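Protein chains in written order, with numbering that gives the first Met the number 0: chain A, 0 to 230; chain B, 0 to 230.
Hints are computed from structural coordinates only; laboratory data are not their basis. Here the structure is a predicted model, which is why all the values come from computation and not from measurement. Just to be clear, a hint being listed does not mean it is correct.
[As the list claims (entries may be wrong)] Between beta-carbon pairs, the in silico distance windows are:
(1) A:Ser132 to B:Glu74: 34 to 44 Å
(2) B:Ala6 to A:Glu20: 57 to 67 Å
(3) B:Ala83 to A:Glu210: 33 to 43 Å
(4) B:Arg37 to A:Ser48: 16 to 26 Å
(5) A:Ile12 to B:Ser56: 38 to 48 Å
(6) A:Pro55 to B:Ala8: 25 to 35 Å
(7) B:Pro119 to A:Glu20: 47 to 57 Å
(8) A:Glu42 to B:Gly159: 38 to 48 Å
(9) A:Ser48 to B:Asp140: 54 to 64 Å
(10) A:Ile12 to B:Ala49: 46 to 56 Å
(11) B:Ala10 to A:Glu42: 20 to 30 Å
(12) A:Ser35 to B:Val128: 43 to 53 Å
(13) B:Arg24 to A:His85: 49 to 59 Å
(14) B:Arg161 to A:Ser47: 52 to 62 Å
[To be verified] Covered by chain A, per the in silico footprint, the following chain B stretches (three or more residues, Cβ under 8 Å):
(15) 42-51
(16) 60-70
(17) 161-172
(18) 189-196
(19) 209-218
Glycine included, every Cβ here is placed at the ideal spot set by N, Cα and C.
Protein chains: 2
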Amino acid sequence: MSTAHGARARARIEVTAAIKEAARRQLAAEGAAKLSLRAVARELGMASSALYRYFPSRDELLTALIIDAYDSLGEAAETAHAEAAHAPPARRWTVICESARTWALGHPHEYALIYGSPVPGYKAPDTTVPAASRLAFLVFDILRDAHRRSALALPPLAAGLRPEAERMAADLAPDLPPEVVVAMVAAWAELFGLVGFEVFGQFHRVVEDRERFFRHAVDRLARSVGLPAAS
Amino acid sequence: MSTAHGARARARIEVTAAIKEAARRQLAAEGAAKLSLRAVARELGMASSALYRYFPSRDELLTALIIDAYDSLGEAAETAHAEAAHAPPARRWTVICESARTWALGHPHEYALIYGSPVPGYKAPDTTVPAASRLAFLVFDILRDAHRRSALALPPLAAGLRPEAERMAADLAPDLPPEVVVAMVAAWAELFGLVGFEVFGQFHRVVEDRERFFRHAVDRLARSVGLPAAS
DNA sequence: CGCAAGAGAGAGCACCGCTCTTGCGCAAGG
DNA sequence: CCTTGCGCAAGAGCGGTGCTCTCTCTTGCG
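Produce the entire structure from the sequences given, and follow the hints as far as they go.
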């Protein structure tokens with residue numbers, strides 16, 4: 000089905016890639032809301048209607064860009080993490096957080112696409128899930144590793160939250176203590192709160208030394224999920 | 000100039016309000032990106048060009064909606080806080096966080112407007128700052144109160160961050176310890192990470208008992224800024 | 001080598017933000 | 001009371017959008 004049996008198929012793949020590339024360029028320049036099929040077509044020197052041979056709608060093109068964005072972020076984190084693979088868990092957590100921040104700052108519009116306000120009327124298809132999960136896998140791996148070495152302090156857990164915590168753990172990481180899973184999910188959301196505030200300019204005139212600030216906050220997040228202090 | 004000398008001025012005020020209301024309705028239905036002057040005009044039964052008598056551009060209308068959103072959120076939080084004015088600081092923090100979450104869940108599109116991805120090509124004017132500060136004032140008041148009662152534990156602060164911490168404290172709350180200011184700003188961003196993830200659907204199939212989860216996370220945030228445990 | 005399938009072009013629909021001009025009607029001033 | 005000036009709405013129009021439909025022409029597969 001896929002593996003280029005034929006020049007036709009190969010040309011199709013190339014044009015598809017060119018479209019995505021032009022779209023990504025436009026995304027970076029203007030943002031998702033201003034992504035325009037006509038402008039992409041103009042840039043490629045083809046009629047706007049011709050694009051519909053490759054993407055059935057603007058939304059489908061957006062989906063492709065979303066998946067690419069998740070993959071780009073995931074790959075950035077994986078690469079950064081690989082270099083610190085043998086560092087202590089807390090250090091690996093920091094590395095991942097910082098690579099996420101760096102990626103987000105370098106690709107603000109793509110970040111907005113995946114962690115910003117959802118595009119109204121657009122429902123992300125399940126196709127995006129695997130790409131979106133890459134980062135999470137990485138983090139849970141770190142926690143599992145720490146847990147295996149018994150280097151994980153159990154965060155406190157409100158009594159009333161225990162059933163939900165156990166449900167979440169069963170779904171996400173059955174081999175980790177529910178306390179850790181809950182703390183991790185919260186830290187996850189909080190991490191993207193920090194990154195989002197910075198990327199979206201909410202720290203303007205508030206935080207100046209953002210790198211250090213982020214590093215500090217992420218350190219404290221690590222502690223909140225039970226990862227021992229380290230740097 | 001302003002104070003209703005004449006039916007003319009009053010009509011103007013009413014029409015302005017009607018436009019904002021219709022726009023808000025459309026915002027809730029379609030999102031900020033799809034907010035269209037023509038649709039608003041259609042809904043009000045007037046020519047699209049007539050709207051420009053009231054708002055010089057779509058962006059100005061957006062600005063008005065943004066200010067209203069900040070005010071609406073601020074007022075919700077102030078009302079909730081007033082009812083708990085004499086509770087211990089940690090409780091007041093919880094109340095504010097929960098009112099912010101409740102407001103955000105009830106006004107997702109307005110939330111996206113002020114804490115989501117920035118609208119491309121739109122630069123928020125300084126006019127929005129006062130409205131945006133209402134919530135922050137409230138929180139700093141709580142911290143000041145706790146500090147006055149010596150009920151504030153100093154959060155740890157990375158040595159390298161101290162200069163920045165002192166700069167931030169001087170800018171934001173000179174009467175609070177820099178450690179607390181830094182922790183508060185981080186908690187602030189983290190809070191909106193939690194709220195944003197919930198509002199934008201990122202917790203779908205991950206967290207089910209979101210109310211309790213949020214409450215738990217916010218409790219831990221309180222502790223992270225030095226507010227003593229309480230409920 | 002013939003021909004169906006695929007690719008692109010172009011016109012057209014309904015919508016968008018925004019501008020400029022025109023003309024109506026209200027309200028205050030003489 | 002009448003008139004005049006101004007606030008306001010409307011309409012046409014510009015350049016843009018996503019998307020559809022039809023038509024032509026190329027191309028590479030059987």
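Taking the hints in turn, this is what the structure says about them:
| no. | hint | in the structure |
| --- | --- | --- |
| 1 | A:Ser132 to B:Glu74: 34 to 44 Å | 39 Å, holds |
| 2 | B:Ala6 to A:Glu20: 57 to 67 Å | 59 Å, holds |
| 3 | B:Ala83 to A:Glu210: 33 to 43 Å | 37 Å, holds |
| 4 | B:Arg37 to A:Ser48: 16 to 26 Å | 25 Å, holds |
| 5 | A:Ile12 to B:Ser56: 38 to 48 Å | 43 Å, holds |
| 6 | A:Pro55 to B:Ala8: 25 to 35 Å | 52 Å, violated |
| 7 | B:Pro119 to A:Glu20: 47 to 57 Å | 20 Å, violated |
| 8 | A:Glu42 to B:Gly159: 38 to 48 Å | 45 Å, holds |
| 9 | A:Ser48 to B:Asp140: 54 to 64 Å | 59 Å, holds |
| 10 | A:Ile12 to B:Ala49: 46 to 56 Å | 51 Å, holds |
| 11 | B:Ala10 to A:Glu42: 20 to 30 Å | 48 Å, violated |
| 12 | A:Ser35 to B:Val128: 43 to 53 Å | 32 Å, violated |
| 13 | B:Arg24 to A:His85: 49 to 59 Å | 57 Å, holds |
| 14 | B:Arg161 to A:Ser47: 52 to 62 Å | 56 Å, holds |
| 15 | 42-51 | violated (count 0) |
| 16 | 60-70 | violated (count 0) |
| 17 | 161-172 | holds (count 6) |
| 18 | 189-196 | holds (count 7) |
| 19 | 209-218 | holds (count 6) |
Against the hints set out earlier in the document, violations occur for numbers 6, 7, 11, 12, 15 and 16.
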